[in-house]
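Undergrad: First to last, the sequence lines map onto chains U, G, Y and V. Quick note on numbering: the first sequence equals residues 1 to 356 in the numbering used here. Quick note on numbering: the second sequence equals residues 1 to 356 in the numbering used here. Quick note on numbering: the third sequence equals residues 1 to 356 in the numbering used here. Quick note on numbering: the fourth sequence equals residues 1 to 356 in the numbering used here.
Don't take every hint at face value.
[As the list claims (entries may be wrong)] With the C-beta cut set under 10 Å, the calculated list includes, among others, these residues of chain U facing chain V: (1) Tyr202; (2) Ala205; (3) Glu206; (4) Trp342; (5) Asp343; (6) Ser346.
Don't read these hints as lab results, they were simulated from the structure. For every residue, glycine included, the Cβ atom is placed at its ideal position computed from N, Cα and C.
Number of protein chains: 4
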Amino acid sequence: MYIYAPAMQHRFIGIVGASGYSGLEATRILALHPGARLRFCTSDRWVGEPVSARAGVGGSAAGLHYLSVDAGAEQFAACDAVLLATPAEVSLELVPRVLAAGARAIDLSGAFRLADPAQYPAFYGFQHSQAALLSQAVYGLPEISRERIRGARLIANPGCYPTAAALALLPLVKAGLVELDSLIVDAASGVTGAGRKATEEYSFAEISDDFRAYKVLRHQHTPEMAQTLSGAAGGAPVDLTFTPHLLPIRRGILATAHATLRPGATAGSVSAAFADAYGREPFVAVAPNADAVGLKQVVGTNRCLVGASCSGRRVVVTSAIDNLVKGAAGQAVQNLNLALGWDETSGLDTLVGRVP
Amino acid sequence: MYIYAPAMQHRFIGIVGASGYSGLEATRILALHPGARLRFCTSDRWVGEPVSARAGVGGSAAGLHYLSVDAGAEQFAACDAVLLATPAEVSLELVPRVLAAGARAIDLSGAFRLADPAQYPAFYGFQHSQAALLSQAVYGLPEISRERIRGARLIANPGCYPTAAALALLPLVKAGLVELDSLIVDAASGVTGAGRKATEEYSFAEISDDFRAYKVLRHQHTPEMAQTLSGAAGGAPVDLTFTPHLLPIRRGILATAHATLRPGATAGSVSAAFADAYGREPFVAVAPNADAVGLKQVVGTNRCLVGASCSGRRVVVTSAIDNLVKGAAGQAVQNLNLALGWDETSGLDTLVGRVP
Amino acid sequence: MYIYAPAMQHRFIGIVGASGYSGLEATRILALHPGARLRFCTSDRWVGEPVSARAGVGGSAAGLHYLSVDAGAEQFAACDAVLLATPAEVSLELVPRVLAAGARAIDLSGAFRLADPAQYPAFYGFQHSQAALLSQAVYGLPEISRERIRGARLIANPGCYPTAAALALLPLVKAGLVELDSLIVDAASGVTGAGRKATEEYSFAEISDDFRAYKVLRHQHTPEMAQTLSGAAGGAPVDLTFTPHLLPIRRGILATAHATLRPGATAGSVSAAFADAYGREPFVAVAPNADAVGLKQVVGTNRCLVGASCSGRRVVVTSAIDNLVKGAAGQAVQNLNLALGWDETSGLDTLVGRVP
Amino acid sequence: MYIYAPAMQHRFIGIVGASGYSGLEATRILALHPGARLRFCTSDRWVGEPVSARAGVGGSAAGLHYLSVDAGAEQFAACDAVLLATPAEVSLELVPRVLAAGARAIDLSGAFRLADPAQYPAFYGFQHSQAALLSQAVYGLPEISRERIRGARLIANPGCYPTAAALALLPLVKAGLVELDSLIVDAASGVTGAGRKATEEYSFAEISDDFRAYKVLRHQHTPEMAQTLSGAAGGAPVDLTFTPHLLPIRRGILATAHATLRPGATAGSVSAAFADAYGREPFVAVAPNADAVGLKQVVGTNRCLVGASCSGRRVVVTSAIDNLVKGAAGQAVQNLNLALGWDETSGLDTLVGRVP
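Chain U extracted, bound-state conformation (with noise of 0.2 Å):
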C-alpha cells in the first residue's frame, strides 16, 4: 500500500552553543523535526566532531559537523532561524547579525527577555547595547502571546522557572482571583539549569543527597516572573517573592507557588480559572490538585503539568516541568514553529517522558 501524504516544507535552522546542555537538547529535537533541517551547529568544544555521534541522534543532524561560532555564523544568511543557546553576553552580539542576515532569531537567553532595559545591570550585569532591539523582542511564551509569534522575528525564549511560575500563577491572575501582593514562589531545581559545571561545588560528591535554596531574593529570574504576571494583571504591579533550591537530579523543575485569594474568588473559580486558561493548551494540562503534580510526570517531555489547591482563602499551585524542554529547548522549538508556520507540536509530540 502506497499513500500519498502532503510533507513539511523544510527550513534551514542553525544552533549556536550546541554543546551545552540546552543546545544539546536542542539538536537532538530538531536534528528528528519532520520539517527542520539542521544547517549547523557551532560548539567551541567540540569542532570538527560529527554531530551526530554526540547529540545521539541522525535525521538532519547525519553528517554535520561541528563548527566554531565564526564558522556558525557565516551560515547564518543560509537559514530560516537560527537558535541561540549562549550567554546572554554572547547572544547581545549574535543577535543583530543573525537579523542582519535574514534569519529568524530565537534566543534562548535572558539577553531580549525584560522589557526594560534598565534592570540589566542589576540582573545581568551589563548595559544593555540594543535597546530597539529589545523593543521588538516578542517574549516567547506561547501561552500568552501565540498569535505574536507567528512570524515574529526576534523571539526572547523564557527562562525555565520563570516558565515554571507564570505557567502556575498566570490563570488566577489574569482572572483576578489572587491579589498582587502575595505572590510567593518556591521552585527547585535538577542540576542541569546551571549548565555543564566544571566545578567543586557542582561535584557529584558535593551535590549528591543535598538540598538547599540560593539566590535567596536575588535570583536574575525574578523580574522576568513579574514582568509577566503583571502584564497579565494588565500592567499592575505585583509584589513576587521567588527561591530558587537545587535538587540533586539531573532534570526537572516544580514550583511551589502560594497566593491569597480575594474576596469571592473560590475553589470552583480557581479550576474554572485554570480549565480556560489551559483547556486547549496543547502542552499544558491541568492535575486535579497540587499533590498530583511530579517531575516524573514531565522530565523528558515539552510538557507542563499544573495542579491547585485551595483552603479558606490560600491557594497553592504546583507546576512541573523539564528545564531543558519546556525550559529552554522544547519552548524554543515550539517557538520555531509557531514562527515559522508549522504545526505547534512538530518533534515535540513524539518526545517521551521516563517509565517508569
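Got chain U; can you put chains G, Y and V on it based on the hints?
TA: Frame of chain U; chains G, Y and V shown alone:
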C-alpha cells in the same frame, strides 16, 4: 597515666518500636550514650534477634535481643525512661502504662503534641482518649521549653517538620518582627520521614529523580507548628500555610519559611533576633544567610542550621535538620538528657555528619 | 512544496502486560512507530483507563483504553503480531492462543528462550508444557539470527543480562579467540530490571546508595547466556560464571566480561573480531576500549555499546545497554520489524538518550 | 554514683592533608578518639579556619585551626604520630621528615606500599627516592600483619581497593584452596574514592545514573593486591585481573572476586577458611554467602563484610567496605591504635553506619 574521673550515673532506658527508622536511630544513639543503659528494645519483626547486629553498634546494646511489645511492657518498671517510637494510636495506649510503671515516657508520635484534644479527629483520625495526660505532657522542643522538660514525666517529642519550621520562625515571631498572618513554609524531606515502606509508590524506581508536594494544605503537622508559633506570640493566632515535599534522598529536611516584616523591622533586627534566640543553644547554629544552609551540613547530626535573608519587607528563612536525629531520635535523647538531669549534649555531641 | 513519499504499510499490534515497565516502554515505542498501529494493550491494574495518559504518548495509542487480558485475547485474531510482556507462566499459556489466532508472537519472558525443556524446572520452576512450540521458537537476538527472525512466527525475545553479556563475548567466541572455560561476567543493572516492586527491600530508602550482588551462581539467565555462546562456538560447551548486581539507578546494564585469550590471539585479532561482528550492525557500536563504555551513552536508546581491552592473555570486554530497550522492549520491536519485513530500525532510530 | 576508671594515656597526633576526604574523615575519628589528642591539621585551602567547624566535631579538634603544610611540619616533633593523607609524591618527601622528628608516620598514599621500588615508575609515575625507608615500611593491613604493625614507625596504609580485594581472597589463598592464576576482581567504588574533584567529568550531571569501568587492566592498585596475595601464598606468583568501576554514590566499595577452586577444595573448606581467617577479627565479619554482602551494611563504619558462594569449581566472594573508613582513615586509626599500644578498636567501635 591514670586519672580519676567522675562517671555519669547510669539509668535504664527502654525503646518500644525499635525497628522503625526513628527507633533504630534511637537505639544507636542510646547504645553509645555515656549514661544510658539500654534495658530493652521491642520489635515485632525482629523478635529474638540480637540488637547489636541490626543496629550495628555494641555499647549497652551488646547482649540485648529484641522483645515483642508485650514482653517489653513487662520491663517498663525496671526503666527510668521509655522511648516510644510507635504510631500515635499505640502511644496513646502505652504511655499510661509506662507512667503507671513509674518510668518517664518520651513519645515520638503525635499522640501528645497538640494541646487541644479537639484537633485529633481531624488531623490524626481518632478521638483522644487521654485528655488528662495530654494536659500534663510537655512539648519537647528544648529551644522553647527547656526548663519545663527538666524533670518532666511525659514528653511529647516534636515532629520532624514542626522542628524545622518552628526553629526557622520562632525568633522572628517571639521578637514580634513579622506579621502573624503571613507565614508560609515550604519544606522538603527525605523519604525516611515517611517510615519503612513496602509499597510501589515508595519503590526506588518510582521515587528516584522525582520531586513533588504532598498532603498540600492538609498535613497533620500544620496545627503543631501553628501551636508552637502561636505560643511564641503570646497566644495570638497565626495563619500558617505548610506544604511538604518529598525529596529523592534518604535523610534530611530543608524548610524554607516566608514572612512579611512588620513596619520597623529591619535586616538588623532579624539578625539580632536569631542571635538572641540561638546564641547559647547547643544544637542550633545561625548561618550568615538563607543561601548558606544545606542538608549536608546537618545530616547525621542533632544540629539545626538556620539562616535568614531580607529584602524590603520580605524575610526568607531556611532551616535544615536530619529528620531522624534533631527531627526525631536525637531530639528525644536531648529531651531525655534534660529530663534525667544529664548534660544536654550527652551522646549527641559525638554524632558526626557526612564527609563530604 | 509537496512531495510524494512511499508510506509504510500499517500492521496491527497488541501488547499483553502493558503496565509493567517493559510493556509500558513497548507501548511508547509502538505508539509512535511509523508502521505499527496499536490494536490493544492489556493491563489488569489500569483496565478502562486511556493508554495515552499512562504511557504519555499519542500516536496510535490515542483513543485506546486498557483491556483485561481476557478482553485482549479476543483481539489476537485482529492483530498481525502480539507482544507478550508477561511472566513466563502466563506466556506459556498465551503464546499458543496468539499463534492459533494467526498472529505472530513476540514473547519477552523466558518461556521460550531455552532450547532444552529439561532446564526449565531448575531455572524457572516449572515443567515446560509446550515442547513442540519451544522447538519452533526463534531466539530473537538479531546480531546472531537475523535471517531466522525474518518471517518468524514465534520469537523468544532475549533477557536483558543475556543481551548485554552475549554481545560482549560473541565476537570473541565466534572467532575462536578465547578459552571457552574461562568466561566470567559480572553485570550490574538498574532496578527496573526487577520489574515493578511493592516490597520494603526495593523501597527507595533501602536501595539508595547501596550496591550488592544477588542470585550469585544461580541466576536464571545463566543458561541462556551459555546457550547463545555455545551456539557461537559450534556447540562446544562453555563454562560461564555470571554474577548480577543491583545498581541504585533506574535503568541500564553494564556487563564486564572476562576471558583468557587462546595462544596466538592478540589485541589486534580481538579488535578485528569486534569490527567484523558489529561493523554493519545498526544497534551495536564498538568503543575504542573497555573504559569508553558507560550507561549514559545508551540509556534511553536501543543501542549496545561494547569495548575491549587486552593485556597479556587477559581480555576484558564491557558492554552497556538500556535494560528496558535493547534489553527488552526495543529489541522486541527490532524483532517485530524483522518479522514483519519493516526496516529493522523503524521506530527505534528516533529514540534518544539522556542529556547530559 | 561515682566510679574509678582507668583512663587512656593521651598521645599527640598530627594530620597532614586534612581537607581531603580521607583527611577529613581521619580528623573526625581522631577528634573523638579516647586516647588521641589532635595536635595539628594542615590544609592549604582552609588555613586559619577552625578545624571543628569544617570537620563538624569538637573533642580534641576544639580550638585547633588549620595550618599550612610548612607550619604543620614544625609540629612533627611534638607529635607521637603523624597521619599523611597526601599524594604519594608529597608523602615521599614528608615521611623522612616525620621520622627524623621522632614521630611515627602513617602514610595513606601509595608511596610506601609496594616492596619493589622498580614498580613505582610504571604505576605511580616516579622513581622511588627512599628505597631504604621503603624496605622498613610495614604494610598496614592488620588482618595479615598485626604483629609487625605493633610498634612500627612507618606504616603504609593500604589502598581502598586492595583492602576490599585482599580481604575477599586472602583466606582462600592462604589456605591453598584456589588456583593462583585464576583471580579476577571486579570492584565498584563510590566517587569519594577519587578524592575532591573540580572537573566536568565528575560533576553531578555527568556521574548521576551512570556506571562504567575505568583504568581497565592498568589501575595502580593492581600490583599492591598481587603483592599481598602472593605474600599469603608464600611468595608464589599470582595472576590477578582487577577492574574498577565508578558507582553514582558517594561512599563504599563492593569487590566481587572470582577464583577457580583447586581439586579437593569444597564449599566446606571455603567456609572453614573464612571462619579461620576472620573468626577473631574485630573489623571483618563473614556473611553466610556472597548475596548477603552490601554497601549499606558497612558504609560509615570500619567494618569489612565478606561472603563466599561456591558451585562446582567456581567460588565467588563479595566484600564490602567504606572506602574512606576501612579503606583509608579508619584503617589508619586501626594501625595507629596498634602502633601506639592502644586497644585496636579505640575510636572505631563507636562509628555507626546508615539508618536505614
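Undergrad: Please list, smallest to largest, the hint numbers that this structure does not respect.
TA: Violated hints (numbers, rising): 4, 5, 6; every other hint is consistent with the structure.
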